[in-house]
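*Asks:* Place chain B on chain A using the hints.
2 protein chains.
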Amino acid sequence: MQPGVEWIAADWGTTNLRLWAMAADDRVLARRASEEGMGRLSPECYEQALIRMVGDWLPEGRVTPVLICGMAGARQGWVEAGYRPVPAHPLGLPLTRVPTSDPRISVTILPGLSQESPADVMRGEETQIAGALALRPGLAGPLCLPGTHSKWAEVEAGRVIRFTSYPTGELFALLSEKSVLRHGLTGEGEDWSAFDAAVAATIAAPARVWAELFPLRAAFLLHGLPAAAGRSRLSGLLIGAELAAAEPRGEVTLIGAGPLMRRYARALRIAGVTTRQIEAEDAVLAGLSAARALWKEAV
Amino acid sequence: MQPGVEWIAADWGTTNLRLWAMAADDRVLARRASEEGMGRLSPECYEQALIRMVGDWLPEGRVTPVLICGMAGARQGWVEAGYRPVPAHPLGLPLTRVPTSDPRISVTILPGLSQESPADVMRGEETQIAGALALRPGLAGPLCLPGTHSKWAEVEAGRVIRFTSYPTGELFALLSEKSVLRHGLTGEGEDWSAFDAAVAATIAAPARVWAELFPLRAAFLLHGLPAAAGRSRLSGLLIGAELAAAEPRGEVTLIGAGPLMRRYARALRIAGVTTRQIEAEDAVLAGLSAARALWKEAV
Chain A
1 MQPGVEWIAA
11 DWGTTNLRLW
21 AMAADDRVLA
31 RRASEEGMGR
41 LSPECYEQAL
51 IRMVGDWLPE
61 GRVTPVLICG
71 MAGARQGWVE
81 AGYRPVPAHP
91 LGLPLTRVPT
101 SDPRISVTIL
111 PGLSQESPAD
121 VMRGEETQIA
131 GALALRPGLA
141 GPLCLPGTHS
151 KWAEVEAGRV
161 IRFTSYPTGE
171 LFALLSEKSV
181 LRHGLTGEGE
191 DWSAFDAAVA
201 ATIAAPARVW
211 AELFPLRAAF
221 LLHGLPAAAG
231 RSRLSGLLIG
241 AELAAAEPRG
251 EVTLIGAGPL
261 MRRYARALRI
271 AGVTTRQIEA
281 EDAVLAGLSA
291 ARALWKEAV
Chain B
300 MQPGVEWIAA
310 DWGTTNLRLW
320 AMAADDRVLA
330 RRASEEGMGR
340 LSPECYEQAL
350 IRMVGDWLPE
360 GRVTPVLICG
370 MAGARQGWVE
380 AGYRPVPAHP
390 LGLPLTRVPT
400 SDPRISVTIL
410 PGLSQESPAD
420 VMRGEETQIA
430 GALALRPGLA
440 GPLCLPGTHS
450 KWAEVEAGRV
460 IRFTSYPTGE
470 LFALLSEKSV
480 LRHGLTGEGE
490 DWSAFDAAVA
500 ATIAAPARVW
510 AELFPLRAAF
520 LLHGLPAAAG
530 RSRLSGLLIG
540 AELAAAEPRG
550 EVTLIGAGPL
560 MRRYARALRI
570 AGVTTRQIEA
580 EDAVLAGLSA
590 ARALWKEAV
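One line per chain: the protein sequences are A and B, in this order. For the first sequence, counting from 1, position 57 maps to 57 in the numbering used here; every step adds exactly one. Each number in the numbering used here comes from the position in the second sequence (counting from 1) with 299 added on.
Hint data in this document are derived by calculation from the structure and do not stem from the laboratory. From the three backbone atoms N, C-alpha and C, an ideal C-beta is built for every residue, glycine too. One or more of the hints may lead you astray.
Short derived list, chain A residues pointing at chain B, Cβ under 7 angstroms [unchecked claim]: (1) D120; (2) I161; (3) R162; (4) S165; (5) S176; (6) A211; (7) L221.
Using C-beta positions, here's what the derived DEER-type ranges look like [said to hold, decoys possible]: (8) A:E156 to B:G557: 34 to 42 angstroms; (9) A:A173 to B:D324: 38 to 46 angstroms; (10) B:G571 to A:G272: 54 to 62 angstroms; (11) B:S416 to A:E44: 54 to 62 angstroms; (12) A:R136 to B:G381: 55 to 63 angstroms; (13) A:R31 to B:R548: 57 to 65 angstroms; (14) B:S492 to A:E44: 39 to 47 angstroms; (15) A:S42 to B:E489: 27 to 35 angstroms; (16) A:S193 to B:R330: 48 to 56 angstroms; (17) A:G141 to B:E489: 38 to 46 angstroms; (18) B:R330 to A:G272: 55 to 63 angstroms; (19) B:H482 to A:G141: 26 to 34 angstroms; (20) A:S193 to B:R481: 30 to 38 angstroms.
Looking at chain A on its own, in the form it has when it is part of the complex:
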């Protein structure tokens, strides 16, 4: 038993499930994570997966609200939670109440954001953006949220004006694990000078990136290019291509975590852009807390 749990915050993405036991004053009492993401669950398995993770957090004799953002609200997720079209505040109605059989929980999924043209969608990142706005009142300009499908959002006066997704992380995984390049890219380690050179070259001549992919394979075959150099170079090419398309100017707010945040910060510096950084966990927790405060009666 975890005493004092008032509500549960959940970021339920494609590959990961992250859960926080929250006090009435929105302090974090405990946190847990698993790899039971949307990609591995069928709709009827979500409630079980959730109870397995938080069952011992739940006080008896009352209903604990569980507030979820992310891909659990996708069409292939638990229950489809809809999208709200931009321009829009990152948090908004309607909330989607999920029918559950365990009487101890009341589950609500937040909607994502959509953009009519160019067509685009996000789920989960809108909550991080809301959190960033809560943590840094007055925040505006370009926000970058690196990931499997990186998001770039333009924020003005507390609203998301437009956004663009780049499948950079997914392309890196496909090329380094499923393509002909994989033979030379298996291993660990970073080669920052290879990364930096690839970012700089791609920003200078973005069209050339397509000519730089197969040479990673050939350089391994002909010259024994080390795996760390190959992987760092591939990462630099793809992140460089994302930056060349996003054309960031001024100061970029980077919301991320760990090595990926470090890579993007480094790449943005090479692109001549300054960054301020917000940890993704801080952002999503602040966003879920803001949603909880907005709709305390409803969720």
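*Replies:* Chain B only, in chain A's frame:
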């Protein structure tokens, strides 16, 4: 039994094996194909796979030469056949004799071509280029060989001066079958206007192609983009990105087959480039015949 078989021509690629029973005057007496490409065979299985396909072509009482180009000569293939560095004539020594146990065959693999910097390799396409030069004496300028790993080669005075590989076909397969885009891209059919628009937009602004990938997913979710339009658009984006990197000028010799050749011819027309087309089968057969004529005593 197939009477009159003097030698056997083989194009043994990553995904396909193509075989031709050849007369003494290099007429094709019979042809066969299977999907037992390099990707599906371990080294000890090649001889069996070959004999299964051509066993009944082989005359008794004499040794029939089998001349192979392509990925059977790769490090992961039957026997590694080496590379010859460019600039070079597309055909050249050394030949690699493959030890076999069946006394009716004598198997030889042609070497590929390599480029020191930017690092690049080809196997099989050099034989198609040799064939194109045999079919069109005096051929020069840029050659494009579309495929899983498309090759662009610059030919002068019968020699390959330099070349570049683009993993365009592999990226199309990964994105349309393994990525988040796959949900909206399953099906048949072409939408040529979607293809044309994507090619034109990408050639005009190549850096933007990274911003155009995820919207294929979102347009399916939000607007029900038909699978044919999505697939044709993805193909146009990737081929357009290849052309933007290759920067073809003047007249391009296109060596290919079927729908892919049509797509590239169409994309090159949109790029304002004229093409002359050579069927890949004609090219590889002319190339293998040229190799056979050069080294009749050796193979």
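*Asks:* When the structure is checked against the list of hints, which entries are broken? Sort them ascending.
*Replies:* As far as the earlier hints go, 2, 3, 5, 8, 9 and 10 are violated by this structure, in ascending order.
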